[in-house]
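Chains as they are written, first to last, in our numbering: chain A, 67 to 309; chain B, 10 to 379.
It cannot be assumed that every hint is accurate.
As the list claims (entries may be wrong) - Label-pair restraints from in silico Cβ distances:
1) Glu105(A) / His42(B): 38 to 48 Å
2) Ser70(B) / Lys226(A): 26 to 36 Å
3) Tyr126(B) / Asp166(A): 28 to 38 Å
4) Trp242(A) / Pro52(B): 28 to 38 Å
5) Asp267(A) / Leu171(B): 23 to 33 Å
6) Asp352(B) / Lys226(A): 43 to 53 Å
7) Asp166(A) / Asp252(B): 39 to 49 Å
8) Ser240(A) / Glu137(B): 30 to 40 Å
9) Leu272(A) / Gln38(B): 37 to 47 Å
10) Ala275(B) / Lys226(A): 47 to 57 Å
11) Pro102(A) / His42(B): 24 to 34 Å
What the hints assert, rightly or not - On the chain A side, residues computed to face chain B include the following (Cβ under 10 Å):
12) Thr76
13) Lys111
14) Thr221
15) Gln235
The set of hints was computed from the structure by calculation and includes no laboratory data. The structure displayed is predicted, hence computed values, not measured ones. For glycine and all other residues, C-beta sits at the position ideal for the given N, C-alpha and C.
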Amino acid sequence: MGGSSVCDGTLSLDEFNASARALVTKWRGIDVDALPDWEWRPCRKMGVPSETEGFVALEGVYRTRAGGQIEESSDDSVPDDAVEHDTSVQSSRDNVHLYDFHIVYSFSYKVPVLYFQGLQAGMHISEHYCGYLLPLFSFLIANICNLSLGGQLLTLDEIKKDLPPHSLQLLNKSKWTFITREEHPHLSRPWFTLHPCGTSDWMKLLLHKLGDKDRSLQYLPAWLSVAGQAVGLKIPLKLYCSS
Amino acid sequence: MAAAPRGQEAAAWSEEAARLVWGGAVPLQVHLHDADVTALPPPPPFLTLGPRIGYFPLLVSTIKAHFSSSLPPGVDTVWFEYKGLPLKWYIPIGVLFDLLCADPERPWNLTVHFRGYPADILSPCEGEDSVKWNYNNSLKEAAFIITGNSKNVMNMSQADQLAMWESVRKGDLDSYMNISTKLKLGPFEEDFLVRTSSLEPRQGSDEPESPGSVKPCRVPVRLYVRRVQQDLEDLEDAKPVSDWESVSYINRPFEIRKEGGRSYIALEHALETLLPEFFSSKLTARAADPEPGATTPDSEPDDSGTSPGTPHDEKPASASLQETDVAKKTKLKLVRVQGIELDMDIPFLWVANNLKNPECYLHVCVYVGA
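So that you can see chain B by itself, here it is in the shape it has in the complex (with noise of 0.2 Å):
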């Protein structure tokens, strides 16, 4: 019983992040695309909100019935762009959000299209049956990360498989937390005691846990690395994203084995560990900077009683974070996670319980300059 005034406050801090990420929503400006038109004068664009834990395809009955007067007969295929770029469908509309518009536009203006699907670039999406397996199936991947198997999702009864799908689809938090406690998915605890199940005992445990055998603890993350102008000042002027293979897409657990006395990981720290390629740049960065030590931490006195979290005696550390600071301007340029630029100081096991997103990924975007 962790009944700590302090688990409660920090209870309640989640469960106030959980409402906002799920309350999150793009406000979109939805244009029929022209060779779709079939009725003069053209429609008026549609506006509408898009949920950021939601995903495109859940909002074409809306749009169609608002565009059903100017459409072609037949078959439609639907699927959304953005300044040409086909929007991969499965995909939360919030990280597409993040990634694609680098300066947040609003409202985002799309455009739909209901013929002419491109194949090549996206998967065949069949409506809302496809976006509910891809849900499925990434719960399924996010379990296994977690727990080392997907038994939990798997052995899901009809019932409760149903009402979860329905929650995300209907952005109902409640009933999505009533069905989601029962998967033991986390929270990942923060204070880095990783044994999610020693509240609790888990009933029924098949697997015998040997006293002292810390597993280490694995967070579902998924990264969109998207490359930008190296001398990009303001956001404004980022190029567009012209098509899909310029987009780094990272699916890998990030993954934390006990070592003494550390009490939790940093964001960078995590950052770090998955894309090294942003941040072992430190001879380049040497090398376009010849006076790295110009600004050594001796040379800030005024700094010294403040900062007690980087003692001064440690020079080499210091130094070193100075360069991986170096390397971070010329390399890093945005952290984006559910709209907010986050610090990179901030704990990440405490993003990853509060901003991930229903099917317990955890969706990173990152702009590099290349």
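So here's chain A without its partners, still in its complex pose (with noise of 0.2 Å):
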């Protein structure tokens, strides 16, 4: 059964199972010192947790925009090879945005759908931080030792700050069918959302030149490379190394 919805771009819910399970192990096997682990998160039903259903949390991500705006600091501040930084970090805590995506599997459209949150990270940012370079989107996304946790929520006009230029773009032509601000199907509370009503369009695509033996393990990596840049989250290559 398995091999032949992934082929139509969508994936069942065993298959998404199986694989955000291997997209934890991966990932915990390279070396991504910049950012947290994947985790699997068992949904709770009344209370108990279930066996078959949950989704994929990456959470506390922390992002520091490289100073000024995003849209100027593509071309002269920040040097396009730079990967790691040991660096006091005394700017203001305004600047530091911290940020949890969780991947949940949508049984309409038979995909995954990105939920994603940011907060304004709390005090005391001390010692320092082994920065992450996106060269692409000119902002760090960095592992800070010491930061508090909990504190405001982002509003959309504050992640817009974080997001992508062409997300950006993406995001004022259409306001309501891209990132959109919706209840997690697990935490009854608002998330921002990519809206997945086109996912299985594009998976279908991306999985075309794949081999049939591993086409649904690989289904949320590859994923994950189109959804994760659509919020400026980047990927370690090494994800889709073989080995």
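Given two chains presented individually in distinct reference frames, assemble the corresponding complex, making use of the accompanying hints.
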């Protein structure tokens, strides 16, 4: 059964679960020092964790803009090849945003859906961070030590400043059908989400070249390469190396 | 051409059902929140009818007009509250009423706030535009569920899109029907011939349909499962919902695969598939009731000739049915759709066809004892 649905760009619940577990394992295996690990979270139904349903979470991704406005920084202030930094952070805490990403299975569209929220990082930025510059989007995703959690939720306007330019354009063009704020299916709270109605179409194209064997396992990494990019979540290339 | 008299009759019933669903309304008594009152004496509550298929933000302009002289100056962020619970504006009014008012309260006493929007609980609402897009996105999702893509909805002309939304906003069933029939999103064939296009061939159909391959039929369903006290006797005594965490929202299509000989699916079967956890508690039920076989079908001989549907020679089936019954008593308390408490034996596809909301979703409120 498995392979047939992936061909049309969709995924069954079982395939989603398998692919999610594969993603969690592979991610842990590669050295992604600037990012936390993906974790499998079982859904709770009436307080009881479900055995078959859950979502994958990557939480506490710190993002600081390399100074000034994102629009102006790509040319001058950021060296393209910068990979790692050891820098003291003296920037005000307003510049540090903390993002949570969840990948949730949509039973309607039979595809993964990305939910995310941003928080204003709390106080105490101390020590240093190992940064990880995004040449393309010119802001930092950094792991910052001793940052306390639980700041204010970012508004759409604040999140916009963290979005890559092409997403910003798209968002301005299609306000209601690209990134919207909707109820997180398992947390019953409003999260930002990438609208999934076109996902199966582009996934069909993306998966076209892959061999049949691992197609469903490779679904999430492939999907993440697009969905992550839309929200500025840079995925390490090693995720796509076979081994 | 299925112009058999029976078909016509069924169509007439369906039309009547749709008229009743579209005409349904909840009497509302809206109070202005104390903190927003800037006039003395405070304004009297506002009485109005909230269409069951409507949404709260669509009532804001009339409600605001009523309270305008008492409101503080500044920017309004309007939201509604019932017994401390902020109401999700993207859930249809009728569904909120069925879910939150265990014992239907008429008029429904609500509080309107013009300040202090609870942004951590409710998605932001920019008035009618938000509701319209929420409706469109839901319709698109329903179309994807039913047909496997959203093309029919995406390819609607601007004029049709607008006219459809206007029809929903105004509760105008006739103009809604004019447009919605073009989308070919139903009805599901209740005799379980699943191919919805079998009556009229799809023009310009781009996917070749191999004869004999019957696609599984997917029905858009949104379930709202509310926990009430296990020992609740009278719905009047249900504790009010204090936060949305105590309501499970399940947005999941019900999938029907062709099984030989099955002529229809009962509502009970559909719910059992969607909510197995409330039906699979047979073990608990058995433990609670040490004598599950106390009333076997054999012990009720006067029942025999009257129920042809349950042949008595199938003892195991009857026994397990009984267990399910016990499980249901301990778990499932009430199933409500469009304000109606439904019989669990009613054909599910009839419910889906006739009690659905305009965005083609069937909203089902389920009360469980926990």
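Verification of the hints:
1. Roughly 40 Å separates the CB atoms of Glu105(A) and His42(B), a value that falls within the hinted 38 to 48 Å.
2. Distance hint check: the CB atoms of Ser70(B) and Lys226(A) are about 29 Å apart, consistent with the given range 26 to 36 Å.
3. For Tyr126(B) paired with Asp166(A), a C-beta distance near 22 Å fails the hint of 28 to 38 Å.
4. Between Trp242(A) and Pro52(B) the beta carbons are some 34 Å apart, a value that agrees with the proposed interval 28 to 38 Å.
5. Checked against the given bound of 23 to 33 Å, the beta carbons of Asp267(A) and Leu171(B), roughly 26 Å apart, stay inside it.
6. Evaluation of the 43 to 53 Å hint for Asp352(B) and Lys226(A) yields a pass: the beta carbon distance comes to about 51 Å.
7. Taking 39 to 49 Å as the suggested C-beta distance range, the pair Asp166(A) and Asp252(B) does not conform, at roughly 21 Å.
8. For Ser240(A) and Glu137(B), the Cβ-Cβ distance of about 18 Å falls outside the hinted range of 30 to 40 Å, so the restraint is violated.
9. A hinted range of 37 to 47 Å is violated for the C-beta pair Leu272(A) and Gln38(B), which are about 54 Å apart.
10. Look at Ala275(B) against Lys226(A): about 49 Å separates their beta carbons, and that is inside 47 to 57 Å.
11. As the Cβ distance of Pro102(A) to His42(B) is approximately 41 Å, the hint placing it in 24 to 34 Å is violated.
12. Interface restraint check for Thr76(A): the shortest CB-CB distance to chain B comes to about 9 Å, inside 10 Å, so the restraint holds.
13. Hint on Lys111(A) holds. Least Cβ distance to chain B is approximately 6 Å, under the 10 Å limit.
14. At a threshold of 10 Å, the smallest CB-CB gap from Thr221(A) to chain B is about 8 Å, leaving the interface hint in force.
15. At about 19 Å, the closest approach between the beta carbon of Gln235(A) and any beta carbon in chain B exceeds 10 Å, and the interface hint on this residue is violated.
The earlier numbered hints that this structure contradicts are 3, 7, 8, 9, 11 and 15.
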